Amino acid sequence: MDGGSLLFKTNHGLGGGGAGQARITAETIVKAYNLIGYDAVGIGRRDLAAGLDFLLEIRGKSQFDWLSANIIDMDTDQPVFKPFVTRQLGGLSLAIIGLTGQIRSDSKLLDENVVVEPWRDNLPSIISKLEASHDFLILLTDLDAGNCREIAEMYPMVNLIVQAREVDSGKPPTYLTDSAILVGAGQKGKHIGVMEVDWRPTRKWRSAGQQDLTAGKKERIRLQSQMKQLRERPELKNHYDNIRERLTALENTLTQLERQEKSAAESVSSFDNRFVAMNVSLPDHPAVLDLVNENKKLVEALNRKSPPSTGEAVSARGFVGWTACRECHRKQVQSWQASRHATSHLTLVEKGQQFNLECLPCHVTGADSNDPAAAIGRAADLQVVGCESCHGPGSIHRLNPASQRTAPITEKICLACHTPEQDDSFDFEGGLKKLKCEIQDDRAGGLR
Amino acid sequence: MKLSSTLPGILILLFFLAQPLPGIAETTGAQEFLLLYSNNVNGEIEPCG
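Chains as they are written, first to last, in my numbering: chain A, 1 to 448; chain B, 1001 to 1049.
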């Protein structure tokens, strides 16, 4: 199952040149999910970025259920998608409910007569329909943590919330209440969550006493720390004695709680949750690889045929290309040519990604992330991560090199592409030394 | 740059999930089950290069 925000990376609506490519990729993802055998996907706001009609079209091609209990057709007062699905597993009955985060009523992503209603309007009736006949309730949602907690507190029969949340990797499950936990596997498909559940009839992950025990243990550490400090201050002996008394009472309470918990442990449910990183060392599945290769071809055909940009293709405003830099900075350019920056576009070509608009901004000089399609077909000396990718556009500097210096390189410039997810071991100083094209700047305190 | 060697992305995720493990759950005993979950794939298919 998937918590949502599967298809797109934005919830503001697709615009500009990237819309066609994003739709192609979304369709490929759905084909892959069909192949894997997903059961259910919650509809997040990002799944509506290409509009409701596109998602309805996608639903027609999906062999899994798209779930949302609160996307409502106002004409019929009925949900547009399935609100929930149920599964029988080894004698247990599971229900999976989808809830979509709020979208403004004037959003163009939805039809005129379709709204995303607040969960308070829809969830109560669904819960009451499912609670008596199901042993385990799962919620798939892109609602924020505060709403998830409120739902868990209002409806103890909700046991697991898979939240579409913007974190890079999975974080340990969070207890929302004694009967509900919140999980998320991280974004961009880099991890999946694997949870083994041992479910008991009490429908609780922990007993009420467990919370008290945890709080009591924290208090014990605090009091012990205070006593340690007061021991060295005889003038505060009364205070010390008071703390010692409190600690003794707390120890007695904790002993009782631990005894109770030992006997209650058998009645509460338990889980073992882990995240599996999708490392590059894992081999590709042939059928999925075929889908991905097909996606690349479709993207290439789309963007090669009609580059979806109004920008000027060959040149980039203000950028002169590395061959112009070489006229004066021959030694630095020689050094740069030996670096991987000089073959950045080639790596895309080798992988058939040179028409991928998601890739171009970090592989071509002067590419505009707001209009990446303009970078398709750039002149050869811009189809690299060239001097100007780091130093900025060079046309003014070229006209008057002495007075119009280029801007200093800062780590921020590098981090625009060397993001943690793309390059988790990036070292700014080390990277500059490796490039060997720096000249110490004695005026601005930076490297030029 | 390390751009070519990171971010396995959904391609490998899909491979993993395409193994014999079922889509949502597999019974492993009387009241035990296994859940596999993901979220926020965000339209990601594969790293750039």
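Hints listed in this document are in silico derivations from the structure and should not be mistaken for laboratory results. In this text, all values refer to a predicted model and were calculated from it rather than measured experimentally. Any given hint could turn out to be false.
What the hints assert, rightly or not - Output of the computed footprint for chain B on chain A, the stretches with three or more beta carbons under 8 Å from beta carbons of chain B:
no., region
1, 2-12
2, 197-209
3, 214-228
4, 232-246
5, 357-370
Stated by the list, open to error - Sample of chain A residues lacking proximity to chain B, with all beta carbon distances greater than 12 Å (derived):
no., residue
6, T25
7, A49
8, I126
9, K129
10, D142
11, V183
12, L250
13, D284
14, L302
15, K305
16, G377
17, K412
18, K436
Virtual Cβ for every residue (Gly too), placed ideally from N, Cα, C.
Broken hints, by number: 3, 4, 6, 7, 10, 11, 13
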